[in-house]
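Using the sequences and the accompanying hints, generate a full structural model.
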Amino acid sequence: MVEIRRPKQSAGERHTTRREQQGASQSKTTLLGRLRSWLMHNRQVAGESLQRLLMTPMASMMTWLVIGIALALPMGLYVALGNVEMLSRGWDGAAQISLFLRFEVTEAEGRQLTKKLALRADVQSAQYVSRREALEEFQSLSGFAEVLGNLDENPLPALVIVRPQDSDATADITEQLLQDLRKMPDVELAQLDLEWVQRLYAMMRLGRHMVMALASLLALGVLLVIGNTIRLAIENRRDEILVIKLVGGTDAFVRRPFLYTGMWFGLGGAITAWLIILLSLFWLSAPVAELAGLYDSQFALRGPGIVDTLGLWITGAILGLLGAGLAVNRHLDAIEPQ
Amino acid sequence: MIQFDNVSMRYDTGHEALKRVSLTINKNEMAFLTGHSGAGKSTLLKLIMLMERPTNGQVIVNGRNLKSIARREIAYHRRQVGVVFQNHQLLFDRSVFDNVALPLVIAGHQPREIGRRVRAALDKVGLLEKEKHNPITLSGGQQQRVGIARAVVNKPSILLADEPTGNLDPQLSTEIMQLFEQFNQVGVTVLLASHDLSLIARLQHRMLTLRDGQLIEAMR
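Top to bottom, those sequences are chains A and B.
Every number in my numbering is 23 more than the matching position in the first sequence, counting from 1.
Every number in my numbering is 17 more than the matching position in the second sequence, counting from 1.
Treat the hints loosely; a few may be bogus.
Said to hold, decoys possible - Computed beta-carbon distance windows for the label pairs:
#, chain 1, residue 1, chain 2, residue 2, range
1, A, 66, B, 133, 15 to 23 Å
2, A, 331, B, 140, 53 to 61 Å
3, B, 198, A, 274, 33 to 41 Å
4, A, 306, B, 104, 56 to 64 Å
To be verified - Here are some, though not all, of the chain B residues that point toward chain A, as calculated from beta-carbon distances under 10 Å:
#, residue
5, 95
6, 114
7, 167
8, 217
9, 218
10, 219
Said to hold, decoys possible - As a list, the in silico SDA-like pairs of lysine to any residue whose alpha-carbon atoms are at most 20 Å apart:
#, chain 1, residue 1, chain 2, residue 2
11, B, 63, A, 263
12, B, 63, A, 273
13, B, 84, A, 273
14, B, 84, A, 263
15, B, 63, A, 53
16, B, 63, A, 262
17, B, 172, A, 359
18, B, 84, A, 360
Simulated from the structure, these hints should not be mistaken for lab results.
Just so you know, even glycine gets a beta-carbon here, dropped at the ideal spot from N, CA and C.
Dropping the structure here:
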């Protein structure tokens, strides 16, 4: 074996010449200039990756639709819950206390009591329902008219319906009022008809938890869909990645277009979900208005507000970035020039 | 500029591609690397590019021991070394201009600077009028020249070439070699691997010959 060595330059000499070379090329790329070109490169890559998606409209549309449906489910439920919440707001103010009077209390005494109750500060209104009225109402509403007709005696007690005064501390005041009413000698039973409202609220709490669980599960699904799509994109652009790595592209440079692609998938999916929800609401609005009309209500469906909409879009974009990031970290290192 | 000290390279398959190779290529030198196919020419170039790491010994490029370059610094090392491949590695989804501009875009140069340098490089290889073409429409020799323009556009101090004339006829090969000599004359260190002895024997440069992974001969 023959070793070939040329006489070495002195270290100092070599050093100086390198310095000079670097100095000349670096003076043209200042820090500010680098930042500016970095920003411009990002904008350019963002634009290019969007263009790439639009160049294969059918494939991109399919991915957007899949992500859109996955995001529309929890978001739609969230919007529905919001509507139920809005509908039920103010119902706890409409709580009423049914005051069943003792049988021995006469009608005159009952009406007297009703007047007295109506004057109380914590009572908004009080309405007397005589035993006969109670029976008539029960007959017409229950469908037991014939059975009741066979009875010798009216089994129903007279009733005072008390509406508590509306205020911020409704619950406390109502509770206090209920205690007072129960102590009255003429009163057999005082019942607060609020339980069903509380049950509704409990159900809505449950619903909100289910939305969260569903949203997490579907978010995971979106991550996997985007991750898989990006994996295919990486595979398709293998040659480009190799060349970029060969001519000195950093990992960040190689990653960037894929991260932007993931972001566009996520954002596009979120916008698709938003459109799906708007379409569904539009489709439901007529029957809902009809139903509300039957209840003499002005209620109309409300879509996602601007905050929720922006939240959905941002969540979609972040999910896209994360999904792409996962795929890129898993698959990009495997592509090294050989 | 490029220095190998007792460098051995054994692949995972057990194949020993380089055996205790020591050599020095000076600044501004142009040298040929020859040998039969499989003698270790490509491996030697890959070590300089940090596409592979040696099993033993050290490689020093531009005064820096490549051992000290961490994985995430490799990209910056490669920016100092231009490479030309036999299969030119051009991207057919973009124009000639964009292919040549790639190293500059990666290095973060500004568009005006990129345009100026890309045109200068294309002018040097005689393809200025082809900048808007897709490289797939060019002939083999033209594609190779685009590859050379891309390798020099970032003004690297070292230019490596692996069988750059492998697919070209003698006439085109001579033209390509002249291009490399021109770059060498303006101060670029050139190391060119080729097994086309008839071609390189005519050129007056040092020849490093590998046989079965060993450096056996040096000619002026």
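If you draw a straight line from the CA of residue 84/B to the CA of residue 273/A, is it 20 Å or shorter?
Status holds; Cα separation ~19 Å.
Residue 167/B as chain A interface residue, shortest Cβ-Cβ below 10 Å
holds, 7 Å
Straight-line alpha-carbon gap residue 63/B to residue 263/A, limit 20 Å: Distance of about 19 Å is within 20 Å: holds.
query = Holds or violated: 56 to 64 Å for the Cβ distance of residue 306/A and residue 104/B?
reply = At roughly 57 Å between Cβ atoms, residue 104/B and residue 306/A fall inside 56 to 64 Å, so the hint holds.
Report task. Would you check the hint for residue 63/B and residue 53/A, treating anything up to 20 Å between C-alpha atoms as holding? Result -> violated, 32 Å
* Asked: Is the straight-line distance between the alpha-carbon of residue 63/B and that of residue 273/A 20 Å or less?
  -> holds, 18 Å
Is residue 172/B within 20 Å of residue 359/A, Cα to Cα? violated, 24 Å
Given a hint of 53 to 61 Å, does the C-beta separation of residue 331/A and residue 140/B actually sit inside it?
Since the Cβ atoms of residue 331/A and residue 140/B sit about 57 Å apart, the hinted range of 53 to 61 Å holds.
- Task: Under 10 Å, Cβ to Cβ, is where residue 219/B needs to be relative to chain A, so tell me if that hint holds or is violated.
- Result: violated, 21 Å
Self-check item: Residue hint residue 114/B, partner chain A, criterion CB-CB below 10 Å
Solution: Because about 15 Å separates residue 114/B from the closest Cβ in chain A, which is outside the 10 Å limit, the hint is violated.
Q: Decide if the proposed pair is consistent with the structure: residue 63/B and residue 262/A, CA atoms, cutoff 20 Å inclusive.
A: The hint holds at about 18 Å.
_Between the beta carbons of residue 66/A and residue 133/B, is the distance compatible with 15 to 23 Å?_
Because 22 Å falls inside the window, the suggested range holds.
Violated hints, listed in ascending order, are 6, 8, 9, 10, 14, 15 and 17; each of the other numbered hints is respected by the structure.
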